[in-house]
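Student: The residues making up each chain are set out below.
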Amino acid sequence: MTDFDVVVIGGGPAGMAAALAADAEGARTLIVERDNRLGGILNQCIHAGFGLHYFGEELTGPEYAGRFVERVEKSRAQVALESMVLSLTDDRKVTYLSPEKGLVRINAGAVVLAMGCRERTAGAIALAGTRPAGVYTAGAAQRLCNIEGYLVGKRVVILGSGDIGLIMARRMTLEGAKVARVIELMPYSSGLKRNIVQCLDDFGIPINYAHTVTRIEGSPRMTGLYYAPVDERRRPVMSEEKYEPCDCLLLSVGLIPENDLLAGTEVERDGVTSGAVVDERRMTSVEGIFSCGNVLHVHDLVDNVSREAETAGRHAALYALGESETALHCYDARGERGVRYVLPQKLHADSGKVELFFRVDNVYRSCRIVAESGGRTLYSGRRLVLAPGEMEKIVVDTTGLDAPVTVRLEL
Amino acid sequence: MKTICINCPLGCPIEVTESGGKILVRGNTCKRGHDYGVTEYLRPVRTVTTLVTREDGAVVSVKTSAPVPKDSIFELQRHIKTLRVPLAVKRGDTVERNALGLGADIVVTGVPPVAR
Chain A
47 MTDFDVVVIG GGPAGMAAAL AADAEGARTL IVERDNRLGG ILNQCIHAGF GLHYFGEELT
107 GPEYAGRFVE RVEKSRAQVA LESMVLSLTD DRKVTYLSPE KGLVRINAGA VVLAMGCRER
167 TAGAIALAGT RPAGVYTAGA AQRLCNIEGY LVGKRVVILG SGDIGLIMAR RMTLEGAKVA
227 RVIELMPYSS GLKRNIVQCL DDFGIPINYA HTVTRIEGSP RMTGLYYAPV DERRRPVMSE
287 EKYEPCDCLL LSVGLIPEND LLAGTEVERD GVTSGAVVDE RRMTSVEGIF SCGNVLHVHD
347 LVDNVSREAE TAGRHAALYA LGESETALHC YDARGERGVR YVLPQKLHAD SGKVELFFRV
407 DNVYRSCRIV AESGGRTLYS GRRLVLAPGE MEKIVVDTTG LDAPVTVRLE L
Chain B
406 MKTICINCPL GCPIEVTESG GKILVRGNTC KRGHDYGVTE YLRPVRTVTT LVTREDGAVV
466 SVKTSAPVPK DSIFELQRHI KTLRVPLAVK RGDTVERNAL GLGADIVVTG VPPVAR
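Taken in sequence, the protein lines are chains A and B. Okay, so the first sequence: first residue is 47 according to our numbering, each after it adds one. Okay, so the second sequence: first residue is 406 according to our numbering, each after it adds one.
For the record, the hints were derived by calculation from the structure and aren't laboratory data. Any given hint could turn out to be false.
Below 30 Å or equal to it, Euclidean Cα-Cα: the simulated DSS-like pairs (lysine-lysine) are [to be verified]: (1) A/K120 - B/K495; (2) A/K239 - B/K475; (3) A/K200 - B/K436; (4) B/K475 - A/K200; (5) A/K224 - B/K436.
Build out the structure end to end from the sequences listed, making use of the hints.
Tutor: Given below as structure tokens:
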């Protein structure tokens with residue numbers, strides 16, 4: 047006996063879209079969310095730029111989340127708030143802790159993983175120096191600012207030019223802080239051009255490419271930091287070290303899918319994405335466990351998260367309701383030359399037209415994307431520019447697929 | 406004026422100059438880049454997103470209903486900081502019409518739950 051057909055872990059954009067899609071198929075659906083409201087990280091992303099693809103208009107994060115929250119409230123899907131999932135097993139027993147019900151154990155017909163990702167920290171990048179107050183991940187500073195109403199520094203340096211870091215440069219400037227500079231290890235930004243222009247250039251904030259922070263000073267509060275250019279092997283050139291006084295360092299140095307729950311399962315993981323290995327339905331290597339959104343692979347557009355989650359939620363419902371067609375032949379999809387990963391990593395033959403998402407390993411100008419299977423070209427298309435910061439998408443037809451699929455760049 | 410076109414990942418570095426009443430855009434590789442350069446030169450505008458304080462001290466996120474001139478952003482931010490919204494405020498509510506006469510309303514985008 048199952049308690050729910052589909053249990054969705056996480057109530058952010060992925061979880062909400064997955065639950066709505068499962069509910070639309072008639073599945074008894076539960077969302078388990080640890081925060082005191084739905085919406086996930088979108089609630090703190092008060093800037094605009096969301097929804098252009100999904101809703102055809104530009105929304106702020108809370109507005110995008112709000113539209114989905116309204117839909118969830120109107121659906122039959124149930125929601126458990128302030129509820130933390132503690133464990134998940136291969137036979138889909140979900141254990142969570144809830145303020146009203148205490149420890150709850152439920153059996154799920156299918157499980158959708160939608161826990162999102164977390165930020166890499168000072169420890170994760172082995173930052174040297176003392177550990178004073180004033181060092182935050184950009185997302186933590188964003189939450190403190192936009193949800194709690196605290197400004198975490200007066201003179202700020204940002205390490206890493208990921209989009210959250212750039213957005214926070216503008217946010218803190220507007221709130222009255224001075225953002226002294228942004229320091230980026232790579233010779234290019236991992237953030238969107240639009241954010242470089244509208245968050246840095248608009249406010250005259252300088253960015254040092256191919257530089258890194260070498261050490262932090264101050265106790266108990268940060269008083270400054272040293273930074274230096276890096277050589278081709280990304281090692282700091284200490285003879286050119288410079289000092290920057292500041293009381294705050296924000297880290298925008300990458301995101302990691304939050305997959306700790308998989309420790310109790312046999313779900314196969316992808317070493318590049320840190321997420322699960324999935325097929326075109328977003329089902330993992332364990333039957334009935336699905337994954338979508340940033341817990342599967344880090345996206346740059348929430349619109350893509352919503353669409354991917356709908357695929358996962360719908361197939362989770364079909365699986366739980368016994369309506370899932372099990373295709374016989376399944377082949378690997380993987381990246382070659384210039385392509386870091388391909389998602390989904392598994393493709394069933396004759397599952398129609400499938401979108402393949404991937405990221406490249408460097409900035410490439412004027413090149414061709416080629417997808418092949420057993421000597422057959424499934425896709426070939428030219429691109430003016432490809433960058434690691436932008437997820438790419440191609441569509442391939444899986445009709446008659448009889449060999450693994452590779453995606454590569456031709457320069 | 407020099408800037409980077411934001412229309413696509415190509416990010417063309419563009420330069421806009423004016424001579425004899427004609428606006429010249431260089432560095433762009435398409436029509437969108439040209440139009441972007443002209444707009445940025447003549448009247449750059451931005452949507453402003455920020456926070457206002459609710460009666461109970463919580464912060465509520467707001468945006469301008471339309472883009473406002475770029476050089477008015479700081480003045481508008483200082484003005485928005487002085488606004489207070491009631492406990493019953495909802496997403497979509499207008500906090501103020503035509504703020505500072507810039508032609509845009511201040512609209513609520515997100516509201517945190519009220520503490521029980």
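Student: Taking the hints in turn, state whether each one holds.
Tutor: For each hint, the structure was consulted:
1. A/K120 - B/K495: holds (18 Å)
2. A/K239 - B/K475: Roughly 18 Å between the alpha carbons, so the hint for A/K239 and B/K475 holds.
3. A/K200 - B/K436: violated (41 Å)
4. B/K475 - A/K200: holds (23 Å)
5. A/K224 - B/K436: violated (36 Å)
Against the hints set out earlier in the document, violations occur for numbers 3 and 5.
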